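Visitor: Sequence:
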Amino acid sequence: MNPTSKRIVAILGLVGVALAGAPVLASASDATLYELTENMKLVQRNFKHRAPVARRIATSALTGVASPGTPLCPSPDLQSGPAGCAINVLGSDNVSLLTGLGTLTGNFTTVVQGDNPVDGPEAVVLTGEFEGHMDFSPAILHQVPFGTVVGKVKAEGSRRKPFTGVFRLPFAGNVVTEVEVAPGVKVKLTLRQLFCPASPNPNPWAEMYGGFDLAYLDNVDAATTPSGRCLDIQPNELSLGTALVRFDIDF
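For the sequence shown, the positions run 95 to 345 when the numbering used here is used.
It should be emphasised that the hints constitute simulated quantities derived from the structure, not laboratory data.
Since the model is a prediction, treat every value here as computed from it, not as a measurement.
Every residue, glycine too, gets a C-beta built ideally from N, C-alpha and C.
You may find that some hints are simply not true.
Each pair of labels, with its calculated beta carbon distance range [to be verified]:
#, residue 1, residue 2, range
1, T318, N295, 29 to 39 Å
2, L184, P211, 30 to 40 Å
3, P277, E223, 32 to 42 Å
4, P211, E274, 12 to 22 Å
5, T271, N201, 11 to 21 Å
Distance condition first, Cα-Cα at most 20 Å in a straight line; then the derived EDC-like pairs of lysine to aspartate or glutamate [unchecked claim]:
#, residue 1, residue 2
6, K248, E132
7, K246, E272
8, K255, D342
9, K246, D171
10, K248, D344
11, K248, E225
12, K255, E225
13, K255, E223
14, K142, D171
15, K255, D315
16, K246, D312
17, K142, E132
18, K248, E223
19, K280, E301
20, K135, E272
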């Protein structure tokens with residue numbers, strides 16, 4: 095590894111530590127979480143009178159920030175910084191590979207700084223649970239990198255409150271794919287050209303990312319239309335040099 099590569103790896107490693115300690119808040123959402131780890135398996139359910147159905151089952155650990163006044167951050171006194179409250183989540187999902195539909199359940203903790211002022215918040219000040227219905231058919235059935243959730247969250251001592259969420263899956267916008275534009279007629283497009291024609295410029299951090307134009311979908315419902323836009327993945331959205339699934343939540 096040359097000195098430049100070593101320097102980039104070191105920078106990205108520090109970025110990952112910073113992310114775990116002080117997650118980034120997306121301005122358009124009430125909370126933004128990033129999936130730091132995931133354990134996934136594919137299972138198949140067999141039925142007597144119909145075809146077997148494969149399912150994707152996973153557990154994940156996420157961390158992020160919630161705005162004050164939300165169920166995850168009901169009081170400004172719980173804030174860990176100007177962005178809002180630090181949130182840790184352990185969640186499980188179970189999604190059909192036939193339909194892309196499934197369920198989401200889990201628990202959250204709101205945490206503040208504990209016994210080490212230079213690491214991430216860890217002292218628990220609020221706990222809660224959530225459940226919801228997932229629609230990952232865009233990603234599973236159509237290879238469009240997002241999924242949605244509609245659910246309810248309950249903080250300790252509070253009533254259940256509804257939420258909606260969008261899972262944004264990271265992708266490399268400069269990867270080339272073939273698209274059929276007419277019967278028997280295919281053209282080659284980059285994923286950015288396909289998903290985000292309204293934001294054609296590549297990620298300015300691509301060189302740091304090994305040449306990959308890392309991005310999320312912005313206005314997910316407009317993906318593949320002329321108004322589709324990308325969100326460039328920022329250095330503080332990586333963990334140990336790896337792009338993360340991003341979960342934007344609104345209450």
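Visitor: Each hint needs a verdict: does it hold in this structure or not?
Guide: Do the hints match the structure? See the list:
no.	hint	verdict
1	T318 / N295: 29 to 39 Å	violated (18 Å)
2	L184 / P211: 30 to 40 Å	violated (25 Å)
3	P277 / E223: 32 to 42 Å	violated (50 Å)
4	P211 / E274: 12 to 22 Å	violated (56 Å)
5	T271 / N201: 11 to 21 Å	violated (38 Å)
6	K248 / E132	violated (23 Å)
7	K246 / E272	violated (39 Å)
8	K255 / D342	holds (16 Å)
9	K246 / D171	violated (24 Å)
10	K248 / D344	holds (14 Å)
11	K248 / E225	holds (9 Å)
12	K255 / E225	holds (11 Å)
13	K255 / E223	holds (11 Å)
14	K142 / D171	violated (56 Å)
15	K255 / D315	violated (25 Å)
16	K246 / D312	violated (24 Å)
17	K142 / E132	violated (32 Å)
18	K248 / E223	holds (5 Å)
19	K280 / E301	violated (30 Å)
20	K135 / E272	violated (29 Å)
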